[in-house]
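Start from the sequences and build out the full structure, keeping to the hints where you can.
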Amino acid sequence: MDLYLKETGNDNPETIVFLHGGALGGWMWDKQLEAFKDYHCLVPDLPEHGKSNEIKPFTIKNAAADILDLIRNRAHGGKAHVVGISLGAQIAVEMLSKSPELIDHVLISGILVRRIPATDFFLKLLNYTIKAYMPIKDSDFLIKANIRSYNFPKEYFKTLKEATKSISSDSLNRILHENMLFKIPEGLEKVNNPVLILAGEKEYGIIKKSAKDMNEVIPNSQYFIAANMVHAWNLTGPEFFNSVLRAWITDKKLPEGLNHE
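Residue numbers (our numbering): 434 to 694.
Note that these hints are calculated values from the structure, not bench results. It is possible that some hints are incorrect.
With a straight-line Cα cutoff of 27 Å, these simulated BS3-like cross-link-like pairs (lysine-lysine) come out [unchecked claim]: (1) LYS489 with LYS587; (2) LYS564 with LYS598; (3) LYS616 with LYS641; (4) LYS570 with LYS557.
Here's what the structure looks like:
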């Protein structure tokens, strides 16, 4: 079974692949598709997410392999720019470590790579948290709380509710384990692809530290903090995000609002 795919701009020469965050879907890139009509855009729903929720099991390695196959088969010239946020950023760097020749520019934001020790206590706590969350995950109260927490535009309430309802307990368990136990893949120190590593100013400190860690490993990378931005800032600040992305993939000067601290 193939991943669900939204494809736009098929007549344009360059391809961009957009990889969404955990428990979300390709819909989170709608504001980018509007701004990049001059590019061929590929927006998959990741395994066990959205309209690909029947494709199991989710692992970052398997998802990376699926997206690399997508680039081989659908990207123009067999190569693509890759953009990922959160879980999508983890998949992007896994792809980069495996097949850098299929990838042009990379933009990642909100990546977590500081591995949390997988002690028995931590794993039991994670499993307990998931079990406690599942009975209330579809409640309007909790979804509205998530919208406030991530500063999502209120227009996404219905979409978030549908995305939340579609995820089973087993799927959420796998997704969270993959996300929280992810570590920097081997081989990144050898790649020469241009990689822009970002974190929102209002993100947790561990995300900013993870971005620094990535910058230290990848030779041809740059690292910045996006001023006043949150985790999913492609949704909350789409014009800023789009201007950064366009400048990066066209080798132009990056816009103001990106700082080192």
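Hints, verified against the model:
Proposed proximity of LYS489 and LYS587 is contradicted: the alpha carbons are some 31 Å apart, above 27 Å. Distance hint between LYS564 and LYS598 is fulfilled; the C-alpha atoms sit about 15 Å from each other, no more than 27 Å. Between LYS616 and LYS641, the direct Cα distance comes to roughly 15 Å. Compliance with the 27 Å bound is thereby established for this hinted pair. Proposed proximity of LYS570 and LYS557 is supported: the alpha carbons are some 19 Å apart, at most 27 Å.
Checked against the numbered hints above, the structure violates only hint 1.
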